[in-house]
Structures are given as structure tokens and as C-alpha cells.
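All chains, full assembly: derive it from the sequences and hints.
Protein chains: 2
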Amino acid sequence: MSSTPVIAVDLGGTKIRSGVVEGAEVTHVRSAPTPARLGAHAVLDAVAELVGLTMATATEHGRIPQAVGVGSAGVIDPRNGVVVSATDALPGWTGTNLIAELQHRTRLPVRAVNDVHAHALGEARSGASADTSDSVFVAAGTGIGAGLISHGHLVTGRNSAAGHLGHIPSGFASDLRCPCGGMGHLEAIASGPAVLEEYRRAGGRAASSTTTELAEEARAGDTTAREAFAKAGRALGSALGGMANVLSPEVVVLGGGLVSADELWWPYLERAFAAQLIPAVRGLTPQRAELGADAALIGAASLWDGADIKVEEK
Amino acid sequence: MSSTPVIAVDLGGTKIRSGVVEGAEVTHVRSAPTPARLGAHAVLDAVAELVGLTMATATEHGRIPQAVGVGSAGVIDPRNGVVVSATDALPGWTGTNLIAELQHRTRLPVRAVNDVHAHALGEARSGASADTSDSVFVAAGTGIGAGLISHGHLVTGRNSAAGHLGHIPSGFASDLRCPCGGMGHLEAIASGPAVLEEYRRAGGRAASSTTTELAEEARAGDTTAREAFAKAGRALGSALGGMANVLSPEVVVLGGGLVSADELWWPYLERAFAAQLIPAVRGLTPQRAELGADAALIGAASLWDGADIKVEEK
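Just so you know, the protein sequences line up as chains G and X, in that order.
The numbering of the first sequence is this note's numbering, which starts it at 1 and goes up by one.
The numbering of the second sequence is this note's numbering, which starts it at 1001 and goes up by one.
No false leads were mixed into what you were given.
Each computed SDA-like pair below joins lysine to any residue, with the alpha-carbon atoms no more than 25 Å apart:
| hint | chain 1 | residue 1 | chain 2 | residue 2 |
| --- | --- | --- | --- | --- |
| 1 | G | LYS310 | X | ASP1131 |
| 2 | X | LYS1015 | X | ARG1288 |
| 3 | G | LYS15 | G | SER85 |
| 4 | G | LYS310 | X | ARG1079 |
| 5 | X | LYS1310 | G | GLY152 |
Since the hints were derived computationally from the structure, they do not count as laboratory data.
Just so we're clear, the structure is a prediction, and the values are computed from it rather than from any experiment.
Take a look at the structure:
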């Protein structure tokens, strides 16, 4: 484990979060809204400002971070820091060279990786998948993303695009249009927005605009809401059971906003997962992520570890 | 590439095939039936006999193989050569220490790996996935198996059980029982035996007992047979498109008996594959395996390479 403090940044479509990471310890956490609509340069400036503020308070407390690790939304090539592609949540983000732009602004060495990959690295560093070399991390929230680790190596694939778990076919989504444009993908039934849509399609009346609100309706007795969560859990559990048969990981870890739906979702996921397993994989059970939002910070900082899980070194 | 000749063995439930491998060249190929019903010791004796005969002819031709590489049916732990599990096709195979037993019998150093994994390694060594570090190899025949390579490393997972691609849920198999006991798995609609069963379920009249025979019926105008092949192609293509979104490989390679169904199967697979791809992965197309049955021999021999694709070294 690294003993030099690193400034870590978790950069999403709506929020930037930063902190100082030393081993598994996260301190001096700050956050700021992402000025996404103002374009890539405004976002980079906002990140640099947050890094500057974090550096200032860390220094006051006698810690001198020597580097920056970034987990960012979008497909990020960790070898050169280029944003290979990004969704409309960050207009103009595609093509940005995160490393060059942030090194220029912060005058610190920078490394970068996709944010879900950062989450996976964090959980593997000191969370639910610590001390394993083959793991599957899944973030179930606005989308369904994954960070796969095989033989202690983050699976990035061609173009660093690996991990799009939301875009495998799901029998639960048969005739549903996916945000990617495809038909029948897992994300169209198992993501947070998909739960809300399924509720509306099934005739649900509550005006919930988040899964947290809809979970309250479900707990207050709205059976249509309960069924939407259950269906999302079954769809994801079933898909993950199949992935477990293909990858035979030591552990499957679930993070993201939907985990807080808890008893409305988890038991359905668990049961559907178990039902898929072949004898060679049987006994594996999904685990909850342990580090919450800090996982992405710990994972982004771990890019400077030179230890444990490796990221690209072709 | 290795320049020392290696004796390679491809050990299946019905046939044992051996040859001398030097780089990408396979010579002195022999084969013998697998005495599966006589138990593990009879199978090991038969392998050792074939290795002995291969050694004799190789020596006559001035080549002295120094080692044996085995690709075997069953889940094989390449670190110690133990058969972790096997199907009924090889009774008593589970628990066999392939390396110890064959070293004892042949007096040569032995390495071993699962046969589909050996195929994948062979194609990555000098076939359709040569010069790539991230590939998916799929064998579509009696079952649907895969060998995944990530960052130049064979994905083996916990218990070396990775690669059971036939056991992911498929919307095409919804209510079908899989040979593994599970419901709705890909293998229940996309394997060779599944094509024959689908044909019978759909009311097909021909008494074909192999997909080769059924393909003849299809080409002679049996539309029920045509539809069974097309459905298997769509199911596999769709599943593989989803896997491509998750793994973002450089290449997806198809081998196994069903590939010879050719125009009855391939175009449906290709189209269903393309329909699944997200923008980040678009443009990827499935490729046919190039080495045929020699792939497993080349892959098994490559265990002695110490180069290119790595197999387990935790």
C-alpha cells in the first residue's frame, strides 16, 4: 500500500468529489457541482479548483499530496487519460485529455480511469473484494456499469470500453428500448430510471421522481412499486448469475444507488443469482459494496499504488 | 515462440488426438478412441500410449520432444493439473491429477489445461486471434464453451471454472431445461444437441441424429430445420454481442462443429451480434476460427512457451 497521500477525484455528471487518500483512509473530503452545461473546460477548471482547495487544507494539516488520481464519467483510456467517449451528461467531454489538461492546471502528476472502474478498484483495494484477484463489481444506479478484475488486472478491453454490463440482452427487458438505442438490454429494466419507468408502465400512480421516493411508496404499501423493484432485482441477479458462470469470480460486489432499496430489491437479486449458478460456481453469493462513495476515491488514488490491482501496462 | 518440439494432446469424451507441435506447425498427428467407460486409469493409459507412439515417430524423424501439453475435457486447474470437475462423458475423471499421472506414465514433464481453453490459446497463438491481447473464443458444438483472454492472460477465475458461456440466461431459451439442470440457459437453444431438440419440438420429421445430417435436410428444403439453425445462430449471436459490450475484446472467434452449418447459421449469428453492440464497441464482427482441430494442440503446446498468452501464475 502507498504511504504517500494522493488527492483523489470522483467526477460525475452532476457532482465532483475530492479527498486525500492515504492507504484506505480518506480525509479532507470536499464536493462541488459539475458545471457540465458550461463544457469541458469549465469542468476541468472546477476539478482543478477543488484539487487546489483540497491541497490547501491537506497542507495545513501537515500532509503534502504528491499526485492526483481521477475517476471520471465516460470511457477513459487509463494509458493516456483521453476521454474515448461520454454521454450527453457531459457535453464536449469526448476527446478531452484529462491527464494533460489537469496536469497543466494543477502542476501535479495525474492519472485517470473510468469512475465505475475506480469504484471496482477501490472495493478491491480495501472493501468487499479486498484480497481477491478475480472479482466483479457492479454499480446499479442511473445505469448498470461494471468493473471486472481478472488475475489482479482491471479488464479494460479494446478502447478501454469494457464494463458495459447494462448492455447485455435480458429476457426481462424483451421489448424495451435501452438508453443506448438497442432493444432488450438489461439496463432498460434494471437501472434506477428503468424502475421508475416500469412503475409507470404498470399503472403506478405515485409521482415519485427518484427510486428513493418510490421505495418509500413501496414500503407504504404500493404493490406496483414493490413489483418494479423486485423485477429489477430479478433481472440483475439473473444476468449476474450468468456472468458468474462465465467468469467464475471469487466475489461479486454490488454498489450504486439501488443497493439502498435493500429488502425491496436485494432478496430478489440474490435468489435469481443463485438460480443461475452451475455446479462449478455454486455457493457464490452477491456481496454489498463496503466503501460507499469513498470507493471511487480510494480506487482513483490506487492508480498511484504500483501494487495490488494493475491497470493497463501493455 | 518455442522452438523445442512439444507433444500435444487433445483429450475429449470420445477421441484422443495427439501431435508434435513446433511453433505453429503440427506434425505426426495420431488419434485413438477415448476408453471413457473404462474409467480414468484406462483413459490415462490410452493417452500415455498415444504419447509414446507419437514420441517414437517423432524421434524417427529426428525430433526429440521434451515435454507434453494436454488440453482435456473437464474443468482443469492449470496450476496443479487436477481435474476439478467433469461431466458424465468421462466417468471418474473428477479428482484425477493429470500432471502427476501422465508424468509418471510418460517420464516427461506435463502441463494441462481445459480443452476449450487450449483451443482459445491456440487461436491466440497463431490463428484468428493472433497478435491480440483481449479476445473471446467460443466453441459451439456439443456444448457452448468459451476461452476468454484479457490483457494477454487466460481468464480462469476461481477453481479454473471460467468460460461456461453456455450457462448465461437467454431470452431464446426461456422455458427450456439446460443440461446443467438450470432453466433458460443459452446452451439449451444454441448447442448442437439443442438444434436437434428444437427441430423435434417444432415438429420436424427427419430422423437426423447429428447437426451435419440435419444441415443436409435444411439445405434440401426442410424449413423447420432451417429455422432451428437460424434460432441457434440468433441466440448465440445475441449473447455474444452482449458479452462484447461487457468485455470489449479486440476479436470474437467462433469454432466448434456448428461453424460448419455455415450459411444456415452464420448470417443469423452475425446479424444478432451486430444488433446488440453499443457505440463504443460498434464495428466488431465475429470471426471464424482458423486452425480447426489443431488449435487445441497448438494451445496445449503453448503452455510450454513462456511467451505470448499467460496461463495462471498467481
